[in-house]
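> Chain by chain, the residues run as shown.
Number of protein chains: 2
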Amino acid sequence: MATNTVQTGSATSTGVFTSEFLLKHWQGHRALTRRVIEAFPEKELFSFSVGGMRPFAELAMEMIDMGGPGIVGAATDVWKKVEELDHYDKKAIPTTKQALLDRWDEITGIIESYWPQISDERLREVALAFGMYENPVYKTLFYFIDNEIHHRGQGYVYLRALGIEPPPFWDRP
Amino acid sequence: MATNTVQTGSATSTGVFTSEFLLKHWQGHRALTRRVIEAFPEKELFSFSVGGMRPFAELAMEMIDMGGPGIVGAATDVWKKVEELDHYDKKAIPTTKQALLDRWDEITGIIESYWPQISDERLREVALAFGMYENPVYKTLFYFIDNEIHHRGQGYVYLRALGIEPPPFWDRP
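Taken in order, these protein sequences are the chains called Z and R. Read left to right, the first sequence gives residues 1 to 173 (the working numbering). Read left to right, the second sequence gives residues 1 to 173 (the working numbering).
These aren't lab readings, by the way, just hints derived from the structure by calculation. Cβ coordinates follow ideal geometry from the N, Cα and C atoms, glycine included. It is possible that some hints are incorrect.
[Claimed, not checked] No more than 20 angstroms apart at the CA atoms, straight line, and that leaves these computed lysine to aspartate or glutamate pairs for DMTMM-like:
(1) R/Lys24 - R/Glu134
(2) R/Lys139 - Z/Asp171
(3) Z/Lys24 - R/Glu106
(4) Z/Lys139 - R/Asp171
(5) R/Lys43 - R/Glu62
(6) R/Lys90 - R/Glu62
(7) R/Lys24 - R/Asp86
(8) Z/Lys139 - Z/Glu42
(9) Z/Lys97 - Z/Glu134
(10) R/Lys91 - R/Glu121
(11) Z/Lys139 - Z/Asp120
(12) R/Lys139 - Z/Glu62
(13) R/Lys139 - R/Asp77
(14) R/Lys90 - R/Glu44
(15) R/Lys91 - R/Glu125
(16) Z/Lys97 - Z/Glu42
(17) R/Lys97 - R/Glu38
(18) Z/Lys43 - Z/Glu134
(19) R/Lys24 - Z/Glu62
(20) R/Lys91 - R/Asp77
(21) R/Lys139 - R/Glu165
(22) Z/Lys139 - R/Glu44
(23) Z/Lys24 - R/Glu58
(24) R/Lys24 - Z/Glu125
[Stated by the list, open to error] Selected chain R positions facing chain Z (Cβ under 10 angstroms, derived; list incomplete):
(25) Phe17
(26) Phe21
(27) Ser47
(28) Thr76
(29) Pro136
(30) Tyr138
(31) Tyr156
(32) Arg160
(33) Gly163
(34) Trp170
(35) Arg172
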């Protein structure tokens, strides 16, 4: 019954959310994550975690290594293989907060510069992301965003456990 | 310079993500959150947290109290006021895992049943959500989803701190 209902809805839907929305949505989330990185004390950013999880610098590097090679793949269909991604090599993680923030800002620029190459048709096209994940490009991009929200939420717990007030979740464009 | 680039992109974007995608995206995330609720031991679901944060049952109730009244508001423009939402009254929180899951499933049904009433035009319309947040309806719905991912990520930390393996983040439709 629910299935019929959904099919009725989709038959009339012509596309609601534009490419521009997706870019702003992503960069808005990335701006908040940047403020979470900044909120960590230098040492705890690279060392503190709860429940045996990865420190926030490693989580942020996962976002960087998805977002940078991910936007290039989305735009050009040239994807790094999963095993080529930097977060599989912990030596590639910057060792200071400033270096991590610089890397973050570099990815922000890469996303802005590649985005205009991604047409609406390309967003709908099925691509094999990182040689492994077959999905429409827009779904792959939502995966990056959702993965970032997920891990950033974990960073909020780390900050609270450290007695630090995190930046407000709702403060995004 | 980046602004010019974005404007170029948006001028040609006609709408990529359909209403159907948004519903599946939301319900997919909700199905995962349900598995996270299930993963908690009964007692810890209502009592355990890290860093003085709310236990996961309270976070799940926030999602329920946004999602249920939120979908009704999106469909009918009759919004509960923020101060009328149940999560401002902790007595309204179910006291067993099963009761919380039942409440969760009830909201799943409400979302399915109201969704067909929401046209693409309505999704783009600006509405005053909960008498307080003025945004296009689709943006309000994304807020609910993102808020759920954010708090569910926190639940993952609670589970890890309890020595429990959470359900895989990527396992969504």
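> Taken at face value, is the distance from the CA of Z/Glu134 to the CA of Z/Lys43 at most 20 angstroms?
Violated, because 38 angstroms separates the two Cα atoms, which is more than 20 angstroms.
> Would the hint linking Z/Lys139 and R/Asp171 be met if the CA-CA limit is 20 angstroms?
Roughly 14 angstroms between the alpha carbons, so the hint for Z/Lys139 and R/Asp171 holds.
> Double-check R/Phe17 for me: the hint is only fine if its C-beta lies closer than 10 angstroms to a C-beta in chain Z.
Cβ of R/Phe17 sits 4 angstroms from chain Z, so the hint holds.
> Tell me if the interface restraint on R/Arg172 is satisfied: Cβ within less than 10 angstroms of some Cβ in chain Z.
holds (9 angstroms)
> Please work out if R/Lys90 and R/Glu62 have their alpha carbons no farther apart than 20 angstroms.
Distance ~10 angstroms between R/Lys90 and R/Glu62 Cα, so the pair holds.
> Are the Cα atoms of R/Lys90 and R/Glu44 separated by 20 angstroms or less?
holds (17 angstroms)
> Taking 10 angstroms as the limit, does the beta-carbon of R/Phe21 come near enough to a beta-carbon in chain Z?
holds (8 angstroms)
> Does R/Lys24 pair with Z/Glu125 here, judged by a C-alpha cut-off of 20 angstroms?
holds (18 angstroms)
> Please work out if R/Lys139 and Z/Asp171 have their alpha carbons no farther apart than 20 angstroms.
Given pair R/Lys139, Z/Asp171 holds - Cα atoms ~14 angstroms apart, limit 20 angstroms.
> Has the given pair, R/Lys139 with R/Glu165, been kept, meaning a C-alpha gap of at most 20 angstroms?
Answer violated: R/Lys139 to R/Glu165 is near 32 angstroms, above 20 angstroms.
> Does the structure keep R/Lys139 and R/Asp77 at a Cα separation of 20 angstroms or less?
holds (15 angstroms)
> Tell me if R/Trp170 is really an interface residue toward chain Z, meaning its C-beta lies closer than 10 angstroms to one of theirs.
holds (8 angstroms)
Comparing the model with each numbered hint stated earlier shows that hints 1, 3, 7, 8, 9, 10, 12, 15, 18, 19, 20, 21, 22, 23, 27 and 28 do not hold.
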